[in-house]
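Number of protein chains: 4
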Amino acid sequence: MQYRTDLAMERAADHPDIPGVQVINTQAGDCARCEVRIESEEAARQLQKPCGRYITFEIPPLHQMAQPARAELAQAIADTLQSLLPPDGDVLIVGLGNRRITSDKLGSQVVETLLVTRHLRGHLSQPLLDRLRGVCALAPGVLGVTGMETADLVQGAAEHAKPCAIIAIDALSARECRRIGAVIQVTDTGIQPGSGVGNHRAGITRETMGVPVIAVGVPTVVYGSVIIRDALRQLLDDYPDASEREAAAYALAQRILSQPLGEMVVTPREIDQLVAELSQVIGMSLNLALQPQLSREEILMLTNEGL
Amino acid sequence: MQYRTDLAMERAADHPDIPGVQVINTQAGDCARCEVRIESEEAARQLQKPCGRYITFEIPPLHQMAQPARAELAQAIADTLQSLLPPDGDVLIVGLGNRRITSDKLGSQVVETLLVTRHLRGHLSQPLLDRLRGVCALAPGVLGVTGMETADLVQGAAEHAKPCAIIAIDALSARECRRIGAVIQVTDTGIQPGSGVGNHRAGITRETMGVPVIAVGVPTVVYGSVIIRDALRQLLDDYPDASEREAAAYALAQRILSQPLGEMVVTPREIDQLVAELSQVIGMSLNLALQPQLSREEILMLTNEGL
Amino acid sequence: MQYRTDLAMERAADHPDIPGVQVINTQAGDCARCEVRIESEEAARQLQKPCGRYITFEIPPLHQMAQPARAELAQAIADTLQSLLPPDGDVLIVGLGNRRITSDKLGSQVVETLLVTRHLRGHLSQPLLDRLRGVCALAPGVLGVTGMETADLVQGAAEHAKPCAIIAIDALSARECRRIGAVIQVTDTGIQPGSGVGNHRAGITRETMGVPVIAVGVPTVVYGSVIIRDALRQLLDDYPDASEREAAAYALAQRILSQPLGEMVVTPREIDQLVAELSQVIGMSLNLALQPQLSREEILMLTNEGL
Amino acid sequence: MQYRTDLAMERAADHPDIPGVQVINTQAGDCARCEVRIESEEAARQLQKPCGRYITFEIPPLHQMAQPARAELAQAIADTLQSLLPPDGDVLIVGLGNRRITSDKLGSQVVETLLVTRHLRGHLSQPLLDRLRGVCALAPGVLGVTGMETADLVQGAAEHAKPCAIIAIDALSARECRRIGAVIQVTDTGIQPGSGVGNHRAGITRETMGVPVIAVGVPTVVYGSVIIRDALRQLLDDYPDASEREAAAYALAQRILSQPLGEMVVTPREIDQLVAELSQVIGMSLNLALQPQLSREEILMLTNEGL
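Protein chains in written order, with this note's numbering: chain V, 330 to 636; chain Z, 330 to 636; chain G, 330 to 636; chain F, 330 to 636.
FYI, nobody ran anything at the bench for these hints, they're computed from the structure.
Treat the numbers as computed from the prediction; the structure is a model and nothing was measured.
Every residue gets a Cβ at the ideal spot worked out from N, C-alpha and C, and that includes glycine.
Treat the hints with care, as some may be off.
SDA-like mimics (lysine to any residue), calculated; alpha carbons at most 25 angstroms apart, straight line [as the list claims (entries may be wrong)]: (1) G:Lys491 with Z:Pro416; (2) Z:Lys491 with G:Asp481; (3) F:Lys491 with V:Gly539; (4) G:Lys491 with Z:Asp481; (5) G:Lys491 with Z:Gly473; (6) V:Lys491 with F:His489; (7) F:Lys491 with V:Gln484; (8) G:Lys491 with Z:Arg507; (9) F:Lys491 with V:Glu536; (10) Z:Lys491 with G:Arg530; (11) F:Lys491 with V:Pro522; (12) V:Lys491 with F:Ala398; (13) V:Lys491 with F:Glu488; (14) V:Lys491 with F:Lys491; (15) F:Lys491 with V:Asp459; (16) G:Lys491 with Z:Gly418; (17) V:Lys491 with F:Leu391; (18) F:Lys491 with V:Val474; (19) F:Lys491 with V:His489; (20) Z:Lys491 with G:Glu627; (21) V:Lys491 with V:Asp459; (22) V:Lys491 with F:Gly532; (23) Z:Lys491 with G:Arg382; (24) F:Lys491 with V:Ala395; (25) G:Lys491 with Z:Glu505; (26) Z:Lys491 with G:Gly473; (27) Z:Lys491 with G:Glu505; (28) Z:Lys491 with G:Gln375; (29) V:Lys491 with F:Val474; (30) G:Lys491 with Z:Glu478; (31) Z:Lys491 with G:Glu339; (32) G:Lys491 with Z:Gly539; (33) Z:Lys491 with G:Pro522.
So the derived label-pair ranges between C-beta atoms look like this [unchecked claim]: (34) Z:Gly418 with G:Cys380: 53 to 61 angstroms; (35) F:Gln404 with Z:Ala361: 34 to 42 angstroms; (36) F:His344 with Z:Arg450: 46 to 54 angstroms; (37) Z:Gly523 with F:Gly358: 19 to 27 angstroms; (38) G:Pro621 with F:Gln377: 56 to 64 angstroms; (39) Z:Cys493 with F:Asn528: 53 to 61 angstroms; (40) V:His344 with Z:Gln356: 28 to 36 angstroms.
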């Protein structure tokens with residue numbers, strides 16, 4: 330069975346009482362914070378996600394959040410990011426995905442909002458430098474556009490930048506439509522092969538990169554195949570005994586999944602605006618997490634934002 | 330029951346033998362051409378589309394079409410457009426939809442490919458002017474962005490430009506996913522209220538504008554609600570006697586449609602590229618139809634395209 | 330002699346003591362505010378600008394302004410706008426210029442930041458409606474793209490929207506490079522023929538529109554011809570007696586101005602970012618001026634901005 | 330004296346009879362082809378350009394070129410590129426510059442038009458693979474956006490892709506306005522430090538990369554300082570004896586260059602469109618040079634262009 334959701338919280342919800350999985354729900358301002366800890370290889374196998382921590386923030390629709398609530402959300406995510414990052418050293422932020430596909434461009438858009446500082450070394454006065462962590466950023470583009478594995482390009486950059494950690498931003502797929510644009514997942518397990526809207530062929534993980542890799546993602550699509558499969562599963566669950574129905578549903582599934590729907594994505598019509606807003610919030614979270622000595626005001630000014 | 334498809338061919342397929350509806354299938358190069366003629370008010374009521382001609386071109390995936398086939402397709406559409414247009418007089422082309430929403434920006438993108446000539450009168454030599462039909466174009470933006478009815482803005486422009494006909498370009502919704510980006514519909518009935526991805530509040534028709542209105546559209550989305558409903562209808566159709574199943578399916582439908590999926594749209598992940606390619610082809614069709622005395626080469630040069 | 334500056338302050342500086350011209354300099358927070366009042370037809374003829382008020386805000390580089398200073402600037406401009414607007418009635422905002430030319434897209438970009446409300450009438454509760462002024466907005470595109478006079482399209486829209494006033498936003502040309510992106514001009518004289526980066530053919534004024542027209546503009550270019558001419562004039566001014574030099578300079582001017590430079594524009598390399606920032610500030614000014622009962626916070630939320 | 334032109338042809342024109350410099354003018358269809366060969370270190374020092382070949386194509390305005398002439402131009406550039414490339418082996422194409430600055434985005438826009446093939450190995454049938462050269466591409470972004478030296482990012486990519494040669498695309502500065510968008514320079518000397526609109530800090534050359542580096546560039550700006558300096562130099566050249574004039578001109582130069590003009594760029598108002606068209610032509614040249622076994626038609630289809 331193929332999952333086609335990148336959210337650990339959705340996988341954990343499907344397997345509620347697995348040994349080796351901890352789920353910790355808390356509240357962070359207006360947001361529900363859900364941490365899934367996968368702590369055994371057996372649990373990892375069942376959930377098809379590697380061992381590690383997966384923190385999910387369920388957020389209200391951004392266009393209904395006033396500025397103080399948005400700032401609070403950004404700070405809550407920043408706090409989680411900071412807890413996963415080494416305290417010192419340069420950080421490389423990687424925006425994954427294809428900047429020409431709306432549902433896949435979250436990563437490259439976040440990169441455009443970042444406060445990049447690594448190159449300022451030697452150009453700024455010492456007091457200011459003491460307050461700035463070195464940050465560099467890259468949106469390398471996808472395999473089909475570059476002809477090179479994204480993981481190779483990130484590794485090439487990391488060999489020169491020598492970061493203490495990598496943060497990778499990516500658009501994700503979810504199982505349930507209501508999660509599109511409505512949750513932000515932070516994990517210390519990096520990017521897995523086959524994950525993301527663009528389906529990365531190779532992983533970007535501590536194993537392959539040699540430094541901790543934190544991944545930040547937001548679901549922007551649900552695959553059509555998931556919707557149909559879940560609808561049918563629901564039908565079967567409700568009426569487990571009707572053998573005829575099972576055959577009917579199975580035949581239906583075959584017919585529908587043989588159509589192009591399976592590979593289609595379900596997305597809100599306003600996905601362009603949604604991705605733009607989420608990129609701003611995630612960018613601010615990263616800037617706050619990486620520059621704890623700067624105020625939100627200073628960051629807005631240095632990134633030319635703010636009205 | 331709400332249709333949520335803008336394609337007359339899909340509605341006619343649902344009601345195969347209605348009196349007052351003619352369906353004429355022909356072949357135009359690589360494309361199947363299907364003309365639906367709705368000829369009685371009763372038929373119009375049943376199909377929920379006004380009387381008139383609806384010509385649909387089923388096209389192969391554009392990225393698999395070589396240049397000669399694309400040019401042939403553009404010419405076939407141009408021929409149909411020309412047969413619907415008055416032979417002389419200026420034409421106003423209106424690109425409908427929201428240019429900031431990928432699935433809704435077909436209209437505004439087509440406008441950017443047009444050869445606009447109306448303002449050249451008085452600036453060109455007579456022999457060249459004799460070869461050019463007067464064309465003007467507008468992409469007025471949607472109600473939520475302008476605060477004004479699109480129909481009012483088009484009417485305001487038409488009062489000054491005094492065209493002999495209006496051509497409106499719009500993104501449509503279909504019922505079946507395989508039609509997304511795969512059919513181009515041309516009709517002499519104009520734009521109806523409630524149609525299009527952006528759901529126009531007011532119509533742009535011969536009645537409201539005082540001149541013929543031709544509409545050109547391509548489906549870019551299928552509504553989530555349509556998919557679920559059709560899946561269930563299929564289930565019921567296949568097993569019409571099982572009363573228990575009907576209840577099950579009905580309950581399932583209720584549950585699913587109460588989720589946000591109903592308002593979600595299904596779209597290919599590559600919708601951005603698809604809309605860009607379709608806009609090019611439709612723009613070329615319009616240029617060919619409106620400037621029959623110019624060659625394809627001349628049009629490409631005057632619109633700064635062509636390699 | 331052709332001016333090729335749209336700034337009244339630059340023209341007044343060239344003709345310092347003309348009767349019928351008042352210049353009033355004040356300070357508005359970090360910005361110098363300069364109001365030029367042209368009060369006689371003779372003065373208007375000499376300055377080649379119609380009678381009326383021209384208020385200019387000289388602003389520090391936006392990327393060096395912290396958020397509170399930006400907000401203060403937006404409020405200062407809003408105050409001036411409000412003093413020029415009728416107290417009640419719908420307002421139509423028009424973004425002029427070509428959205429595909431960076432130096433000319435200020436108008437269309439401002440329109441994208443506006444709080445548009447006119448269409449909400451009948452959809453909102455009375456208490457909220459009582460707080461909202463009706464605003465509609467249009468970015469009609471330029472003559473070369475639409476084939477229609479911009480003034481005609483604005484008039485067509487105004488006939489349906491029936492605003493009590495029109496505000497037109499446009500990119501301007503200046504004489505001195507240091508003014509690019511550094512001043513915002515507000516005037517009650519509307520848009521004159523031949524003005525703007527795109528050189529409007531027809532005016533948008535109280536005379537042609539039947540309601541007051543306020544214009545808001547920012548210089549984004551200096552024409553190459555202006556630079557050369559001013560350099561030579563400076564040379565002649567400094568050494569008025571050397572007759573040979575005059576001839577030399579004149580010959581040089583002829584040679585240089587016959588090259589393409591004259592029609593080139595001088596602009597900062599970062600013009601894209603500059604126009605984006607200015608659009609945000611002007612958009613906020615307009616929103617504040619038109620919705621005095623909403624707070625800055627409410628406006629940011631309703632326009633989906635703010636972090 | 331600082332040159333601020335990246336065109337070898339302009340430098341050679343300033344130093345017409347230097348030993349060790351060969352200038353070979355030929356005609357390639359509608360284009361004048363000028364090859365400058367710098368063959369001695371002394372000549373390189375005088376022209377401030379390294380030894381090597383610099384081939385410049387002077388092209389007519391693209392919007393006046395019909396399709397056959399454009400195709401011919403692309404083929405002529407392709408022929409030159411091919412003569413500089415190793416006959417076999419993968420090629421890495423690098424688009425330099427800042428994609429958010431119009432005058433600097435040529436490189437990143439060219440990358441979007443490329444036929445990238447390296448990743449298809451193992452996915453295509455042998456006969457097709459035999460016809461395709463391996464091509465990969467990267468638009469890494471500039472130092473201020475990534476915090477990393479572009480040269481380091483290119484090197485990182487090259488270490489994984491192991492190309493036999495690198496082709497770097499960049500926007501250039503010229504000395505004369507009439508060259509903006511009107512010449513394409515191809516050189517086998519790579520990218521020098523301090524060159525390009527974005528002023529690269531480190532070079533991308535055979536020495537730093539270990540493989541041949543070919544650079545392709547088009548001037549998109551002239552620096553304001555260059556214009557003033559050249560105007561004054563002309564004045565001095567014409568009247569070499571008037572000592573007073575020299576002082577006057579010198580004083581003027583000081584005054585003018587102390588203003589922001591010096592750092593401003595001169596550019597056509599239509600720079601956005603110009604860069605888009607040039608990117609298409611250069612992209613096609615690269616595709617033709619790298620895939621000599623594919624026809625222009627096949628390339629257009631595989632890159633989803635062509636009407």
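Structure-inconsistent hints, enumerated in ascending order: Result: hints 1, 8, 12, 15, 16, 17, 20, 23, 24, 25, 27, 28, 31, 34, 37, 40 break, sorted rising.
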